[in-house]
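Chemist: Residues per chain are reported as follows:
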Amino acid sequence: MDIRVRNNVTVTGRADGPVLLLAHGFGCDQNMWRLIVPALAENHRVVLFDYVGSGRADPAAWNERRYSSLEGYALDVLEVCEELDLRDVTFVGHSVSAMVGVLAAAKASQRISRLVMVAPSPRYIDDEGYRGGFSTEDIEELLESLESNYLGWSAAMAPVIMGNPDRPELGQELTNAFCATDPDMARVFARTTFLSDSRDDLKTVAVPTLILECSQDVIAPREVGAYVHSAIPGSRLVTLTATGHCPQLSAPQATAGAITEYLGTAA
Amino acid sequence: MMGCTDQTSEPGGERDAHAADAVFTSLLEDSAEELYEQAPCGYLSTLMDGTIAKINATLLDWLGLEGSQVVGRMRFTDLLTVGGKLYHETHFAPLLQMQGEVSGIALDLKAADGARLPVLVTSKVKTSQQGEPLLIRTTVFDARDRRAYEAELLRGRTAAEEARRQAEEARRQAEADRARLQEALAVLQQSLLPSALPEIPGLEAGSYYHTASPDLLGGDFYDLFALDGKRWAFFLGDVCGKGPQAAAATSLTRYTLRAAALHDPDPVSVLSTLNMVLHERYSSGDSRYCTAVFGVLEHGEDHVSVQLASGGHPAALVQRADGSAEFLPTPGGMLIGVLPRAEFTATRTELRPGDTLLLYTDGLTEARTGPERELYGEEALHAFTAAQPAAGPQALVTALTGLLAGFGDGLDDDTALLALGMPPVSAPAPDSET
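Protein chains in written order, with the numbering used here: chain A, 961 to 1227; chain B, 346 to 779.
Any given hint might turn out to be false.
[As the list claims (entries may be wrong)] Okay, the calculated beta carbon distance ranges per label pair:
{"hint": "1", "chain 1": "A", "residue 1": "T1199", "chain 2": "B", "residue 2": "G476", "range": "24 to 32 Å"}
{"hint": "2", "chain 1": "B", "residue 1": "S448", "chain 2": "A", "residue 2": "M961", "range": "31 to 39 Å"}
{"hint": "3", "chain 1": "A", "residue 1": "N1023", "chain 2": "B", "residue 2": "A524", "range": "25 to 33 Å"}
{"hint": "4", "chain 1": "B", "residue 1": "R517", "chain 2": "A", "residue 2": "Q1213", "range": "53 to 61 Å"}
{"hint": "5", "chain 1": "A", "residue 1": "A1066", "chain 2": "B", "residue 2": "A496", "range": "36 to 44 Å"}
{"hint": "6", "chain 1": "A", "residue 1": "D1045", "chain 2": "B", "residue 2": "A508", "range": "46 to 54 Å"}
{"hint": "7", "chain 1": "A", "residue 1": "R1026", "chain 2": "B", "residue 2": "G449", "range": "28 to 36 Å"}
{"hint": "8", "chain 1": "B", "residue 1": "R500", "chain 2": "A", "residue 2": "A1020", "range": "27 to 35 Å"}
[Claimed, not checked] If you want the ones that stay clear, here's a sample from chain A, every Cβ over 10 Å from chain B, calculated:
{"hint": "9", "residue": "D962"}
{"hint": "10", "residue": "A999"}
{"hint": "11", "residue": "W1022"}
{"hint": "12", "residue": "R1025"}
{"hint": "13", "residue": "S1029"}
{"hint": "14", "residue": "E1043"}
{"hint": "15", "residue": "M1145"}
{"hint": "16", "residue": "A1214"}
If you are wondering where the hints come from, they were derived from the structure by calculation, not from laboratory data. In this text, a Cβ means the ideal position worked out from N, Cα and C, and glycines have one as well.
Kindly generate the complete structure, drawing on both the sequences and the hints.
Modeler: Right, here's the structure in full:
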């Protein structure tokens, strides 16, 4: 199987620049990065992709069992790295993808040498001595919302959206196409994301790590950012003045600036 | 209205239009403010960070809140259920930021009293002339009825999926059961027939069994076995009925015939013994009987002598080397197992090189043929056999197998064939077993 097609891989920026691999979280697809890609592309080779089950990844590659654990998503990351033979990669993961990056880096330290975590949370559900911000019932409510909103996804249109990576305009014409996902796959990703507990995995992080948190984030509140920061020795925590869970959209300049400053590649 | 072409005299002219305007104006006394506040949908404006800047009375009423509690103090997401917040942050907000607008998203508001209010939300970003996003305008529609209806649809779909899954599972199970049953039946059927005919020096044998249905055990049977160094016994018959009961009776019949033949191979006594055994069953409630031909082969100088007896079975047929064919009638032979004492008729013949003795069950002669679906019959079988070259038992069985296949669905019963004979002398007979 062609991994580039399977994961709808896009490569842009400076061909000889250091590699930034941008991984979207649960919800939408690689378009989440569109506002910061231009700034990052100036001095980096920027690689974007969609996880299988999201965006325009090949739906035929879906395997419910594989994508019912974060390891399955980490495998997508590693396979993209191998396919493009990426080395010395800075993995930028949004939301749950930050934890996918932790798993991928543990498996392939020869390829992934830095992590940038954007609005990470190692566990969304409250636990004894830990506040993730949500209860199991809240997650069920989210699954209900997924049931009620198909966001322009339809089984009839999916082949048009998914099957034409060369013609993105086909997808763009469809309203909400960025977040249009097969509801069955979205449900699996949602469960995998919000029922995950990656707190122990944080201890395995052995590469330099930048944590970006938002000043007002319902999904990853500041105490979670502090938890991640303290769990990864030597990590750097930057708090962006931004509301919501997607600073790359709501505060693109600050987000791109924090990344390039950390990497010493600021323009 | 014919001839009324003069516009000034038309009803609804200019004067009436003025009157209508006056009526509309009196109806439209609402100020823009009132249109906003009392709109039949919720309306709010938020800053780009979600802070609520303005909210209409309709929405405040739905929420059970005062404007002072909300404006400048709450964000839009504060009005949502927790699951709705998650959905907002992962889908709604990113889409709004990427597209500038999002429409018709189903969310639940949480009223002050804790009640959930299903709504449909549409948001649009207002930008400055330079394209800078300034604020977000949001309309909120009451969607209780629609969501209840959708929930019904969803329940229906879930139930249908479950039913489909169960049906699929049942179908798979039924197929597996059927496959297991057929496998068991095939093994059982095999046990009623010899796995291979024995090789007899100077004698050729051929057999064929047609199974009408893989789901039903047939009652036809045949066998060929040694009595001593010089003599061989054979039989072929048909137990009435089908299914497990018939198979049990068939098994009993086969082993009774074999045992009786070893005790006293005289064909009439063998059939008499079988009659006693089957009749005992018959009188104790299992009213099954059978028809059968039993015989003994014995090598002579240049021929094989055949001694046989029949109980109610279609007459054996002999294909002669000279191209003729003849039935071996055994008139008066009675059904086996019905009466405590039964009469059986014996006959004998000799088989010379090229002669073949054919035994068959009535599946063959009672097959339906032609557009009138007439019985194939013994006459047609006689003619068919006489028309075949005298090439030995196996060649005759092959020809008859082709005949049976040609009957198609006209052949609806199990059919057994057993052919015995001396191979033709002159023929090289490459297919011959001897």
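Chemist: Hints first: check each against the structure and report whether it holds.
Modeler: Against the structure, the hints:
no.: 1; hint: A:T1199 <-> B:G476: 24 to 32 Å; verdict: 28 Å, holds
no.: 2; hint: B:S448 <-> A:M961: 31 to 39 Å; verdict: 37 Å, holds
no.: 3; hint: A:N1023 <-> B:A524: 25 to 33 Å; verdict: 29 Å, holds
no.: 4; hint: B:R517 <-> A:Q1213: 53 to 61 Å; verdict: 58 Å, holds
no.: 5; hint: A:A1066 <-> B:A496: 36 to 44 Å; verdict: 43 Å, holds
no.: 6; hint: A:D1045 <-> B:A508: 46 to 54 Å; verdict: 50 Å, holds
no.: 7; hint: A:R1026 <-> B:G449: 28 to 36 Å; verdict: 33 Å, holds
no.: 8; hint: B:R500 <-> A:A1020: 27 to 35 Å; verdict: 30 Å, holds
no.: 9; hint: D962; verdict: 27 Å, holds
no.: 10; hint: A999; verdict: 16 Å, holds
no.: 11; hint: W1022; verdict: 18 Å, holds
no.: 12; hint: R1025; verdict: 18 Å, holds
no.: 13; hint: S1029; verdict: 19 Å, holds
no.: 14; hint: E1043; verdict: 27 Å, holds
no.: 15; hint: M1145; verdict: 14 Å, holds
no.: 16; hint: A1214; verdict: 13 Å, holds
When the structure is compared with the earlier hints, no violation turns up for any of them.
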